Amino acid sequence: MLKITLGTNNKHKIDEINLIAKNYEVEFVLPSKGYKAIEDGNSFLKNAYCKANCARKNAKTELFLADDSGLCIEALKGAPGIYSARYAQTAQDRINRVLEELKGIDNRKAKFVCAMVLVNKKGEIVFQVQKECHGTILEEQRGKNGFGYDPIFFVDSENRSMAELSDTEKSKISHRALALVDVLEFLKIYNIKGGD
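FYI, the working numbering numbers position 97 of the sequence shown as 97, with every residue one higher than the one before it.
Just so you know, these hints were derived from the structure itself, not from any lab. Keep in mind that this is a model prediction, so the values were computed, not measured. Mixed in with the good hints there might be a few duds.
[Stated by the list, open to error] Mimicking SDA-like on lysine to any residue, the simulated pairs with C-alpha atoms at most 25 Å apart in a straight line are:
{"id": "1", "residue 1": "Lys11", "residue 2": "Asn23"}
{"id": "2", "residue 1": "Lys3", "residue 2": "Ile125"}
{"id": "3", "residue 1": "Lys13", "residue 2": "Ala88"}
{"id": "4", "residue 1": "Lys57", "residue 2": "Gly34"}
{"id": "5", "residue 1": "Lys172", "residue 2": "Gly146"}
{"id": "6", "residue 1": "Lys77", "residue 2": "Ser43"}
From just these sequences and the hints, can you work out the full model?
What follows is the structure, given as structure tokens:
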């Protein structure tokens, strides 16, 4: 079993990622206590690299993965974008702000974006990927599952909000799932070759 440190303190995120990875010989583990990432990049990929790079400190694994994801709304010129997690104080406040900013706006097209970067012990990028899940912003919240902006993100292909999908359903179509599958497929080849 290949163990990889995931650059996050979010237990929900690691559970979600391990659910997607369960059919691969890979387990993601939390970084050492006191893990704090500096997100000063100007793109999802740059922020994901910052988080993965910070996870190297005191970790026992050979590889480090991190993601940076967010909601990009067409009518708001891509906002909240890389600032999705910092758009307001709480998850509910962030939802409220988006709904307020879209009041009276017909164009509600949006996408969830997830960038993932895998680095080695030296901090070198081994693999990186960016994926999207397209939808529209609802006028009110729907569903109890998921987290973040999931209750207001209507997934066009599923005809439901992200928060109305089960974890298993979400693990097949979400931006994070799509990016992670690419990482896992790469790791399959990487393992066969014996890494670097």
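We went through each hint and held it up to the structure:
The hinted pair formed by Lys11 and Asn23 meets the criterion: a straight-line CA distance of about 20 Å does not exceed 25 Å. Of the pairs offered as hints, the one joining Lys3 and Ile125 holds, with about 17 Å between alpha carbons and a cut-off of 25 Å not exceeded. For the hint pairing Lys13 with Ala88, the CA-to-CA distance comes to about 20 Å; that is within 25 Å, so the pair holds. Only pairs whose Cα atoms come within 25 Å are accepted, and Lys57 paired with Gly34 is accepted, the gap being roughly 10 Å.
Restraint check for Lys172 and Gly146: the C-alpha separation of about 14 Å stays at or below 25 Å, so the hint holds. This hinted pair checks out: Lys77 and Ser43 have alpha carbons roughly 15 Å apart, not beyond 25 Å.
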